Amino acid sequence: MRIDKRRYYHLDWYLILNGLFILGIGLMNLISATSSFSSGSWNFIIKQLIAFILGLGLMLVVMYYDYRIIANHSKWIYAGGIFLVILVLVIGLAAGGARRWISIFGFSIQPSELMKPILVIFLANMLYEKKRQNVPLSLKDIAKPLLWTLLPFVLILKQPDLGTGIVIILVSFSMLWYVGLKKSTYAVMFGVGAISPFFAWHYLMKPYQKMRVLSFINIDADPAGFGYHAKQAIIAVGSGKFLGKGFMNGTQHKLQFIPEHHTDFIFTVFSEEWGFVGSVVLFALFISFINRCLKIAMNAHDELGAIIAFGIASIFYVQFTINVMMAIHLAPVVGIPLPLISYGGSSLISMLMSIGLLLNISTRRYMF
Amino acid sequence: MKEEKYTSKYKWCTLVLVLTMTVLLIRLWDLQIMRGTEMRKLSEQNRIRVKKVVAPRGIMYDRTGKVLADTRPSFNIYLTPEDIKDFSQTVDGLARLIDCDREDIIEKMKAMSGMPPSFPIKIKSDIPMDEVAKVEANRVYIPGISIQIEPKRNYPYAASFAHVIGYVSEVSDDELKDKKKYKDYSPGDYIGKYGLERAYEKDLRGIDGEKRVEVDAMGREIRTLDVIEPIPGNSLHLNLDLDLQLTADKALETRRGAAVAINPKTGGVLVLASRPGFDPNLFASGIKKKDWQTIALDKAHPLQNRAIQGGYPPGSTFKILLALKALDLGIINEHTSFHCSGGFPYGNRVFKCWKKGGHGTVSVHRAIVESCDVFFYNVGLKLGVDRIHEIGDILGMGRLTGIDLPAEQKGLIPSTEWKRRRYNQPWYEGETVSVAIGQGAVWLTPIHLAMLSSFVANDGKNFKPQIVNRIVSPEGKVIKTFEPVVNSELKLKPGVLKLVKDGMRGVVNEPGGTAGASKVQNVLMSGKTGTAQAGSQSVGLGDHAWFIAYAPSEDASIAMSILVEHGLHGSSAAAPIAKSLTETLFKAKPDIKEAKVHENR
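Chains C and A, in that order, are what the protein sequence lines are.
The end of the first sequence is residue 1053 by my numbering, with every number in the run present.
The end of the second sequence is residue 649 by my numbering, with every number in the run present.
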């Protein structure tokens, strides 16, 4: 692999350092979050580090090939992604009542995580021509992208993995918005958006999912069940007070009052131990990171790069916002990892590859 | 690339980011700053549970240091409502694992509904080891259930000491309502309910400790943060004698009755037995409804301590009292004699002597030895009921003796004043005739008659009966010693006591004595039989048998009072018990091994 010196020079060091900061915080936090497990933190940290190295390698691969070449092959990448998602449903490993993982060479991977950046490239490739023409999308124009979004959405919902499904839908919508929509398209989308919750409530949602929504509205409706997680989570966050209880001193997670505290509820661990101050710093790092993604989109060489970068920014934004809001009871409990912080190899690798795409786009911003 | 339209999109994005940051920060401010202290407290409560460490109750020893009541570890099942995840999973799961109905568990929970959900509810006490193992193995499936090892009261001699030692049981809801008296108690605590356990509750209870433990969401203890060790209760060293008590209890086992033995020189109670009895151990591990009903509804009233609560006419044992008073007043002397022809005409009826042919002409000695009724009819009439009442009251008969047990009952030795107060009627002389032989309106408990026997045994001085000798702290420091308290000390006319004592020695040791069959080898025992007509409720069941006694006849160290309900004759039913008590006391002492060999035979 020959690396162009100019490209090295043009690497977005802001993004890299910002991302590394978040990652560093994530690893440190993981030590505390997993310290109460019988297997000890070490086991988790090693696994996460292996995923990091693997992700770093894949990131370099993603960076090496021009994003336009990657986009040209997006159909096949998409097909591969869909294949893996279907494979999960067939031979997936079940855990906690859901099939989300497949085992490859002893590693269990979660294809739905990889589906997020794949869909972003695939949709960008589909839409960038429209954006270049600067034509707002009509209903007919968005039909195809929506259909290709719904396919993985439905498959992922089947696992069931509502969280990832929601991320995919929201990312897809934000990309369409970014490309530009006709007024009539907005109208119809809002209309459908208004009815769909009722539809979903009556026909799609499973009782446990409804229960989560109900206990979100009234946290005391089921304090021993779904409300329990939410309640314990805000107790953890609130008990951090201004400066936090200190690294490794959180009690809520250590005593296992919060389930999934090393994955989806990881923010509670951080906030309990680092308090308001730490949380503000973490928020700032995320907002700054997302803002930097948007900058990359803004300064991208072409529309394709801009849409991809915006899509990646959306992934980060949607996951960060919903995850944190869930932890502080501003959103119902739903399984979405906090990017670069939550434990989970697939999520980390997927995020690192996304960053690879961003760097890919930013280093090639001056190319013609 | 940087057309107006698209930069406006970035403006929107920036707006969204700022908005998001604002919302998150407001919420965080609310949770961590505004409500931070409250949340911190909640998280502390979450992880820290205060658990009670029950103090071991004080031990009771007999006068030779043998353990009569102690504690042993027991496994108790607790349920903490707050830790339950799925109600039916935990409750049904537990009901399947241990011998306990679902309804019982729910009832227990309901009874505690006023307590905070983090308060553990005791579901079952003293579960067997196999249930402990089952529950421990299934802990994960029944969140909220925990097993605590706690001291449990243990009565090694079960029913033999039931009435005197009493029992402990869980403090009742009614008791807890009395906030003032029971302010130190909470549901599930044990409290002395009967006997010494109740009388000395304050000393025996000790002070419960506290343990602060960190628990996880399942309620499992992660680690102990700190412990305030419990302070065990003070132990009681009793005046009771294990061997004597067991002897008395064994003799009474198949009957209804009571036996009291007192050290006449101190008032220390050596024996206080009552039958039928009950097993106090049943109460200590949370009595089952069925067992309670069996005991409470038993027509024989096993919960009654006949020794201090059972009122019976004293029969001929009462004659000793009359003899004392009449001799002291000089109404009779040792030569005064009355003729007994088997009957005593008074008014328009004839009061009979128990011996059909009569005793002939008898003086006080023969009258006591042979228990001549006619002699005492005469003496009674000469004395008058008020003087009988007076001496009885001085000796501690009829009133409360002040024994250190709860719920002692009064008896009755009538007087003219009593009759006026009670019935607003004058006393009739004819009634005195009945009273003279311990019948009529006379009601006394076995402890009352023990006061009489100890008075004679100790040559005119008796003491308040006391069961507890001293209270000793867990470290072995004597906290309180109960010194003998004089009940009455009379300067009787010289020779009076000797006359009465000679008579009582004759009852057992002279030819024609009513308790001649109970003569003891090696030791001289003195006594007086009594046969009392049972009340109108128990017609046909036969008379009550009494025997009061002391031994050795000179310088006595034991004074007794035995009652056997419907035992027919004092001589045949009650006296042998006094005999075996005396034998036990004076035989077992020198060589305990020999006594054991005896038992094995």
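Everything labelled a hint here was simulated from the structure, so no lab data went into it.
Because the structure is a prediction, the values reported are computed rather than measured.
A hint or two may mislead.
Below, in silico cross-link-like pairs of lysine-lysine (DSS-like), each with a Cα-Cα straight-line distance of 25 Å or less [stated by the list, open to error]: (1) Lys100(A) <-> Lys133(A); (2) Lys867(C) <-> Lys59(A); (3) Lys57(A) <-> Lys825(C).
To be clear about the criterion: a stretch of chain C counts as covered by chain A if any three or more of its residues have a C-beta under 8 Å from a C-beta of chain A, and this derived list gives those stretches [to be verified]: (4) 799-809; (5) 1008-1016.
Don't be surprised by glycine CBs; every beta carbon is placed ideally from N, CA and C.
Inset, instruction - Verify the proposed pairing of lysine 57(A) with lysine 825(C), using a straight-line Cα cut of 25 Å. - result: 23 Å, holds
Inset, instruction - Closer than 8 Å, Cβ to Cβ, for at least three residues: run that test on the segment 1008-1016 of chain C against chain A and report holds or violated. - result: holds (count 4)
Inset, instruction - Compare the distance between the alpha carbons of lysine 100(A) and lysine 133(A) with 25 Å, and conclude whether the hinted pair is satisfied. - result: 24 Å, holds
Inset, instruction - Examine the segment 799-809 of chain C for residues whose CB is less than 8 Å from any CB of chain A, and state whether their number is three or more. - result: It is violated, with 0 qualifying residues against the three required.
Legend entry - Pair hint outcome, lysine 867(C) versus lysine 59(A) [Cα-Cα no greater than 25 Å]: Judged against 25 Å, a Cα distance of about 19 Å means the pair holds.
Hint 4 alone, counting from the list given before, is not met by this structure.
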